[in-house]
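Protein chains in written order, with the working numbering: chain A, 138 to 457; chain B, 138 to 457; chain C, 138 to 457; chain D, 138 to 457.
It is worth saying that the hints were derived from the structure and are not from the lab.
Honestly, I wouldn't trust all of these hints.
Any copy, or any two copies together, can satisfy a pair, since identical chains are not distinguished.
Said to hold, decoys possible - The calculated SDA-like cross-link candidates involving lysine to any residue, where the alpha carbons are at most 20 angstroms apart (straight line), are:
| id | residue 1 | residue 2 |
| --- | --- | --- |
| 1 | Lys350 | Glu269 |
| 2 | Lys350 | His260 |
| 3 | Lys350 | His392 |
| 4 | Lys350 | Ala306 |
| 5 | Lys350 | Pro360 |
| 6 | Lys350 | Asp308 |
| 7 | Lys350 | Thr176 |
| 8 | Lys350 | Glu166 |
| 9 | Lys350 | Gln182 |
| 10 | Lys350 | Asp202 |
| 11 | Lys350 | Gly259 |
| 12 | Lys350 | Leu327 |
Since the structure is predicted, the reported quantities are computational estimates derived from the model, not experimental observations.
Protein chains: 4
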Amino acid sequence: MSHATDSEIDTRIDELTRELSNWGRWGDEDELGTLNLITPEKRLQAAACVRSGTVLSLGLELRADLPQPPGSGRLNPMHVMTETGSDAAARDDVSGYSDDVLAMSVHAATHWDALSHVFHRGHMYNGRACTEVTSGGARVNSIVPVAERLVTRGVLVDIAGYHGVDALAPDHEVTVTDLESVLAAQQVGLLPGDALLVRTGQLGRIAASGDWKNFTEVEGRLPLEPGIGIDCLPWLQELGVSAIACDNWAVEHLHAGSSGRLPVHEVGIVHMGLVLGEIFQLDALAAACRADQRYDFLLAAAPLPVRGGVGGPVNPVAIR
Amino acid sequence: MSHATDSEIDTRIDELTRELSNWGRWGDEDELGTLNLITPEKRLQAAACVRSGTVLSLGLELRADLPQPPGSGRLNPMHVMTETGSDAAARDDVSGYSDDVLAMSVHAATHWDALSHVFHRGHMYNGRACTEVTSGGARVNSIVPVAERLVTRGVLVDIAGYHGVDALAPDHEVTVTDLESVLAAQQVGLLPGDALLVRTGQLGRIAASGDWKNFTEVEGRLPLEPGIGIDCLPWLQELGVSAIACDNWAVEHLHAGSSGRLPVHEVGIVHMGLVLGEIFQLDALAAACRADQRYDFLLAAAPLPVRGGVGGPVNPVAIR
Amino acid sequence: MSHATDSEIDTRIDELTRELSNWGRWGDEDELGTLNLITPEKRLQAAACVRSGTVLSLGLELRADLPQPPGSGRLNPMHVMTETGSDAAARDDVSGYSDDVLAMSVHAATHWDALSHVFHRGHMYNGRACTEVTSGGARVNSIVPVAERLVTRGVLVDIAGYHGVDALAPDHEVTVTDLESVLAAQQVGLLPGDALLVRTGQLGRIAASGDWKNFTEVEGRLPLEPGIGIDCLPWLQELGVSAIACDNWAVEHLHAGSSGRLPVHEVGIVHMGLVLGEIFQLDALAAACRADQRYDFLLAAAPLPVRGGVGGPVNPVAIR
Amino acid sequence: MSHATDSEIDTRIDELTRELSNWGRWGDEDELGTLNLITPEKRLQAAACVRSGTVLSLGLELRADLPQPPGSGRLNPMHVMTETGSDAAARDDVSGYSDDVLAMSVHAATHWDALSHVFHRGHMYNGRACTEVTSGGARVNSIVPVAERLVTRGVLVDIAGYHGVDALAPDHEVTVTDLESVLAAQQVGLLPGDALLVRTGQLGRIAASGDWKNFTEVEGRLPLEPGIGIDCLPWLQELGVSAIACDNWAVEHLHAGSSGRLPVHEVGIVHMGLVLGEIFQLDALAAACRADQRYDFLLAAAPLPVRGGVGGPVNPVAIR
């Protein structure tokens with residue numbers, strides 16, 4: 138199989154940009170992008186999906202050794218104590234407490250990308266200059282406006298499960314046909330404002346292998362990764378998907394001949410204002426959905442409101 | 138008004154400990170405490186509270202200058218960029234990205250206390266030794282088990298609103314009578330498994346004043362703070378409240394003669410396994426509840442699953 | 138007294154730039170600037186200054202509460218433990234250890250500025266583009282080349298002591314006349330390659346007052362500060378001073394009408410390649426020099442070699 | 138070769154403890170240990186060693202990827218920018234600056250251990266309880282008192298060079314015979330108060346191999362390491378060595394059957410108050426010494442004065 142050259146990618150990106158741009162669609166001041174598609178009615182619909190009262194967390198446990206390997210350029214969650222029970226015991230006071238500090242790359246574990254996370258030809262979503270993102274953080278398109286919106290109906294599309302495998306092959310590009318076939322098989326429809334959760338099995342495979350170097354970018358080399366192909370973007374736009382999250386590193390398909398470009402990021406985040414969620418844990422959710430054949434749920438996934446943040450850590454929950 | 142001496146506090150704590158201890162109630166292995174009271178049925182009840190589809194975030198924006206003043210011993214959220222749009226502009230590449238790191242005290246802004254956060258007479262919840270919390274973190278009773286549970290029906294009790302003030306007087310100890318009067322006036326009942334959100338107005342008052350030194354402990358001196366009195370604990374236990382969160386620093390009432398002891402923490406967290414939420418923003422929620430006279434909602438407030446964490450940052454949302 | 142307007146400052150900076158530029162003087166590849174003036178012979182001269190064998194540290198103790206106040210934009214040294222003696226005691230092992238982590242702004246306490254710390258008209262020392270300093274650090278002119286050079290003869294010029302005051306008035310601009318008068322009174326000469334240490338008393342005054350807001354820039358407002366005037370630069374160049382360090386925040390004089398420009402930084406660092414040392418503790422050194430009337434010494438002040446660092450923390454020692 | 142059992146090690150440690158203890162030797166308040174042996178006269182002697190005026194830095198460049206591999210439990214130097222030249226360029230102001238933050242384990246790169254770094258039978262140097270080292274840092278025996286003392290005559294003992302190898306075999310235990318033979322061959326004597334620098338070649342070997350997992354403790358497993366044997370301690374005591382530093386991870390010899398005990402640390406740091414320096418770069422220094430057959434020099438190696446620090450980062454310089 139031959140892959141697109143950089144120039145072909147550029148041409149395709151430019152075509153899609155013309156076709157799918159949402160700049161100005163929700164006003165010149167907009168910082169929400171496709172999250173505008175989540176309406177109050179949508180959330181009523183989402184609440185109606187709660188039928189058993191069970192909850193599943195889709196967030197990776199925050200640990201010092203996962204999931205970013207050395208050379209990834211990102212800092213795994215580092216947790217240090219500033220007061221401990223050992224100290225309390227040594228003092229032998231009647232009461233005591235413990236305290237702690239957490240440091241991490243915002244994109245290290247389960248997170249949403251902010252609309253300031255990616256640039257194309259010097260711009261980010263809604264035509265803003267990339268120079269609005271300085272060492273001081275993002276002056277616009279930060280994660281803060283996102284932090285109050287991300288509650289909607291979620292729909293899981295379990296591609297790996299449909300194919301009867303633990304994980305899709307690393308070179309599997311998820312297509313519109315894949316998505317439509319699986320939705321049909323799962324007997325669930327996708328409606329405007331929904332958040333689409335696509336299970337590739339990639340996170341589970343890497344966790345089982347223990348080799349996280351194959352999960353993320355390491356020393357500038359992209360991993361192979363099953364994920365969404367660029368040609369899904371028109372379909373997502375047409376259906377009015379408000380956000381898309383996957384159990385992989387970058388949502389999108391990364392292949393062996395990868396040029397280092399991330400077309401789904403460039404068109405999706407920059408031009409469509411599409412909110413991407415990465416490193417979501419979907420295996421337990423898939424098992425639960427398979428068990429009772431219900432693939433929709435209330436997704437409550439509001440990230441931490443980091444001022445100036447170009448992404449937001451989150452512990453998303455599916456309420457079923 | 139005279140306040141209790143240390144010895145009187147000790148006596149009262151010991152009495153309540155005998156009366157309210159939940160050690161062993163949910164098994165010797167339990168690390169969830171009162172969150173055990175959240176059942177699937179409870180969540181169905183919670184989902185039924187969603188009637189308008191609106192969402193309110195109760196999380197404080199994470200900023201470098203708030204809310205912990207110098208001397209508090211806690212690190213405000215520190216956000217640094219590791220890749221920026223300025224860099225991308227200087228390189229003039231066709232595509233680019235930004236990236237960031239967040240560091241903060243887990244208890245600095247809106248958070249849940251883990252059941253390993255407080256010790257009494259050398260122990261924490263369920264009879265575990267405080268020495269289980271070392272520099273390596275909490276080996277038991279960490280925030281991780283909490284991270285998949287905190288979705289339930291939330292009920293706001295707007296004490297400040299009931300009294301027609303922006304904020305309760307700093308020396309106001311919230312009593313059972315207060316809580317019952319306000320619930321009656323609000324025409325809302327409290328049911329087993331509910332999370333109780335108590336609005337004192339304290340966070341809003343401090344934000345308006347800009348003087349955060351009056352909000353938290355600074356250099357070992359406790360602030361004055363309106364909050365829950367210790368005598369509310371039997372009432373919370375009887376009603377089966379699963380968690381309690383306030384718009385103040387410590388949930389509980391802190392007074393001028395304060396000895397430095399935090400009896401609601403000592404009895405509540407250590408002996409009852411009661412999960413406390415602090416620095417919740419409740420003003421906008423109160424306004425919304427007042428407007429349509431509905432004080433219950435679906436509370437989705439799963440904290441980040443920090444391995445070994447003695448607390449968990451969270452962006453709680455009320456879905457109404 | 139009237140201060141220069143921005144346009145007058147610009148004119149003066151441009152004049153001095155033409156007069157004092159060292160770009161190209163030590164080759165196009167040079168990253169050392171005036172440190173080139175430290176020769177092996179110079180260091181022999183420096184070693185000959187050691188006459189009593191005493192040592193004085195000029196470095197501020199690294200503490201969480203000093204010297205950067207909130208709003209300064211810099212992080213005071215934050216020290217956290219990752220293993221403690223309390224933990225060891227709780228384990229009751231025969232042997233144990235403690236371990237710790239330090240985080241700080243490189244310029245927070247006693248430090249040298251690297252030649253990549255300041256830009257003028259888009260450039261830094263030796264004509265390099267300021268865009269060579271990205272989120273990844275300084276690709277050139279970092280602190281690393283400095284880290285092996287900063288051992289030379291140091292000469293203290295105790296201006297405050299000469300005037301018989303604890304500290305110079307905040308609006309005192311140190312002039313060439315000041316420097317020459319004090320050197321004459323101290324009976325010490327300045328030779329090419331020397332590091333000049335200028336004592337204003339400012340650090341001691343602020344420490345005594347406890348009000349660090351008056352020491353550094355806070356929320357964009359420069360402090361009043363006694364320090365070197367821009368007109369000292371030609372004199373420093375003529376004498377061949379290799380580095381200059383002061384007991385203040387910015388080496389240079391900052392006045393009430395300050396425009397926010399730092400002319401000594403702009404001309405000195407950018408055009409002369411002059412290495413500046415800030416927040417040096419000079420009071421104890423001054424007392425020792427006064428006691429035996431010897432104002433020169435061996436200065437060993439090699440900063441930490443931080444890859445890409447635009448400054449370097451240092452514990453400088455005067456060996457006398 | 139058979140290695141000592143834990144019980145044999147304990148017996149030997151106890152013997153040496155009785156023989157070599159310096160508790161009380163310099164007073165009950167002492168926090169300096171063997172650094173007391175550095176006298177003013179010693180430093181005059183050291184200054185007299187400066188014969189060419191050259192300087193060599195013995196500090197490892199501080200980088201994010203070195204020298205602690207993942208699993209070591211220590212944080213490599215992490216350097217982040219808070220202001221950049223790219224930002225300045227994007228603003229196009231006439232002047233600008235850059236700024237940065239450094240975070241690192243104090244023991245990650247070149248450093249001195251403080252006398253609070255190691256405990257034996259619940260105590261540290263001078264009989265203090267290990268519980269004096271809490272999450273708040275070391276209340277006594279911190280690195281601060283060390284920060285003004287570490288200037289003395291340094292003597293390099295180049296064991297690897299003597300044997301004509303780049304690095305000693307990983308199982309090479311350096312003995313008194315080794316040290317005496319090399320000193321004799323190098324025609325240099327060791328005098329009271331000297332700092333002894335022992336070159337094993339280990340740091341250079343690991344750097345050349347690129348496999349830092351073999352350099353430090355990783356996931357609780359000690360590395361093999363050529364270094365000082367425990368039987369050198371009486372000799373060091375007798376000669377009055379004030380500090381010892383090596384180009385390895387732990388100063389001391391670590392062998393294949395290592396029990397996890399570090400006897401040189403336990404006896405040296407805890408009972409003798411001997412200051413250990415680790416991860417010193419000695420290859421360039423050895424080459425220079427070999428070239429002119431002079432193995433002594435002025436060592437200026439004052440660490441950063443970290444309040445409560447159980448170690449101190451340092452950029453040591455040899456002035457020759």
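Inset, instruction - Please work out whether the CA atoms of Lys350 and His392 approach to 20 angstroms or closer within one copy, between two copies, in both situations, or in neither? - result: within (15 angstroms within a copy, 31 angstroms between copies)
Inset, instruction - Since the copies are identical, ignore which copy is meant and state whether Lys350 and Pro360 lie within 20 angstroms (CA to CA) inside a copy, between copies, both or neither. - result: For Lys350 and Pro360, the Cα distance is within 20 angstroms only inside one copy (8 angstroms; across copies 24 angstroms).
Inset, instruction - Please work out whether the CA atoms of Lys350 and His260 approach to 20 angstroms or closer within one copy, between two copies, in both situations, or in neither? - result: neither (31 angstroms within a copy, 39 angstroms between copies)
Legend entry - Intra- versus inter-copy proximity for Glu166 and Lys350 (alpha-carbon distance at most 20 angstroms): neither (40 angstroms within a copy, 36 angstroms between copies)
Legend entry - Intra/inter-copy verdict for Lys350 and Glu269 if alpha-carbon distance must be at most 20 angstroms: neither (32 angstroms within a copy, 30 angstroms between copies)
Legend entry - Within, between, both or neither: Lys350, Asp202 at alpha-carbon 20 angstroms: Both. Shortest intra-copy (12 angstroms) and inter-copy (15 angstroms) distances satisfy the 20 angstroms Cα cut-off.
Inset, instruction - Go through the copies and call it for Lys350 and Gln182: within, between, both or neither, with a Cα cutoff of 20 angstroms. - result: Neither, since 40 angstroms and 44 angstroms both go past 20 angstroms.
Legend entry - Intra/inter-copy verdict for Lys350 and Asp308 if alpha-carbon distance must be at most 20 angstroms: Close inside one copy (17 angstroms), not across copies (32 angstroms); limit 20 angstroms.
Legend entry - Up to 20 angstroms CA-CA - Ala306 versus Lys350, copy category: So Lys350 and Ala306 pass the 20 angstroms test inside one copy only (17 angstroms; across, 32 angstroms).
Legend entry - Intra- versus inter-subunit Cα pairing at 20 angstroms for Lys350 with Leu327: neither (34 angstroms within a copy, 49 angstroms between copies)
Inset, instruction - Tell me, please, which holds for Lys350 and Thr176 at an alpha-carbon limit of 20 angstroms: within, between, both or neither? - result: neither (40 angstroms within a copy, 40 angstroms between copies)
Inset, instruction - Since the copies are identical, ignore which copy is meant and state whether Lys350 and Gly259 lie within 20 angstroms (CA to CA) inside a copy, between copies, both or neither. - result: The answer is neither: 30 angstroms in one copy and 39 angstroms across copies each exceed 20 angstroms.
Violated hints, listed in ascending order, are 1, 2, 7, 8, 9, 11 and 12; each of the other numbered hints is respected by the structure.
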